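Peer 1: Chain by chain, the residues:
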Amino acid sequence: MRLAPLFGIEAAAFLLIVAETYLLFNFVIPIGTIPHSLTGYTGLALLKLGSIIALAALWFVVMIGLTRLYVRAKIRTAPRPSS
Amino acid sequence: MVDGCLLLLSFVVPFLAVLVGLPPFLRFLTRKGKVSNDVHKSPPTKVPEPAGPLLFAAALTGEAVVAIGFGTWIPVAIMIGAGIAFVIGLFDDLYVLGGKAKPLLLLLAGIAFIAMVGFRPDLYQPVLTFPLLGDTAPHFIIYTALAVVAFPVVTNAFNMMDAFNGEISWFTLLTSIAMLLGVSLHAAFTSGFDIARVGATAPLVAVAGGFLIFNRYPSKAFDGDSGSLMFGAMFAGLSITGGVELAAMVAIVPAILNSFYTLSSVRGFVERRKMAARPTSIGSDGLLYASTEPGAPNTLIRLILLAGALNEKDLVKSLVYLTLVACIFSAAISILTWVP
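Chains as they are written, first to last, in the numbering used here: chain A, 979 to 1061; chain B, 6 to 345.
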């Protein structure tokens, strides 16, 4: 039972990895056709890069949030070594 | 029948190579004074390190069986990537590399692996296959870039799971079995899938299984960075050639979380020997305690120990349970992806 919260964090990480990878390969990467101007090409590349960063940031934020919740709940009652 | 015998050989040969070769190699390391303190014992004991060279040689024998038996380049690509990671790890074992130099150098393993596409154009398919949803369209450039980056990410993740007795061997064994299941299902239900890709996965399972006998609590051998980086590079390469990237990524979620926690709490790549605060400490009762210092890195081990102090054996058992759950997720992904 002591591992139950960590199993929950693990499951959240797993679901986010699968969902975000699906979004990345099926929606972000195929966005648009290659434009025939430098500004259009740069804009498209930046849009894709921004989307990838946003997906990664979402994963980081969720994981950091869940971990902080866990640490906050446990640290006060965490045992300390007797010296 | 011949394929079955070759698959069996690709497991048995490296497994026996570890069982037979490791004891004399450990005696050799001890004679040469290559021993490390097992810092989680009180008082610390001396353990021969690094066993990585013998583990690499054993993996090489298994991949040679597959390369010669099936007449394929796939094991060559796997062992070139793993070989580069092994050499970087060995250099780190002997001279200690910087926290930033190691991941940068490990990119070379990914680049060399990908360069093998020149010899074997079907080394990998630049698509991901999702459970129930099927294949994505091919994306050669982005897939190849991610494959190169996967090597430093995965090898470092494996490296960070190498802190306690039996941790790396249990982790590699369980995750490689989950990957073997995925590759086997891929082979069983996909027409034209090369069975050599299943064979190439077996040596990783065999070497990790053989090493577990020596590395489990109380450890008689430490693999060193040469061993853990090689394990990670083999895992990354095999997941790409086996077309089971998603299932493999899910199986190593505990290691991904561990790396993420460490990197985010120490804010960057810092060599573990140079961390300002330790995530755990050992009490006078011999139990491991989570550090309650605010600056202590949030490793997975610290999170487990926050729920209560544990001895090393039970701590590794907790890590095995976390890995098992990830491997069950991975198996579910593999079954939903490949079984019609």
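Be aware that one or more of the hints could be misleading.
Claimed, not checked - Listed below are the simulated DSBU-like cross-link pairs for lysine-lysine, each with C-alpha atoms no more than 30 Å apart in a straight line:
#1 K322/B to K1052/A
#2 K318/B to K1026/A
#3 K318/B to K46/B
#4 K39/B to K105/B
#5 K37/B to K318/B
#6 K225/B to K51/B
#7 K1052/A to K51/B
#8 K39/B to K322/B
#9 K1052/A to K318/B
FYI, nobody ran anything at the bench for these hints, they're computed from the structure. Small disclaimer: the values here were computed from a predicted structure and weren't measured.
Peer 1: All hints, please: hold or fail.
Peer 2: Hint by hint, here is what the structure shows:
{"no.": "1", "hint": "K322/B to K1052/A", "result": "holds, 20 Å"}
{"no.": "2", "hint": "K318/B to K1026/A", "result": "violated, 46 Å"}
{"no.": "3", "hint": "K318/B to K46/B", "result": "holds, 11 Å"}
{"no.": "4", "hint": "K39/B to K105/B", "result": "holds, 25 Å"}
{"no.": "5", "hint": "K37/B to K318/B", "result": "holds, 29 Å"}
{"no.": "6", "hint": "K225/B to K51/B", "result": "holds, 9 Å"}
{"no.": "7", "hint": "K1052/A to K51/B", "result": "violated, 34 Å"}
{"no.": "8", "hint": "K39/B to K322/B", "result": "holds, 28 Å"}
{"no.": "9", "hint": "K1052/A to K318/B", "result": "holds, 22 Å"}
Comparing the model with each numbered hint stated earlier shows that hints 2 and 7 do not hold.
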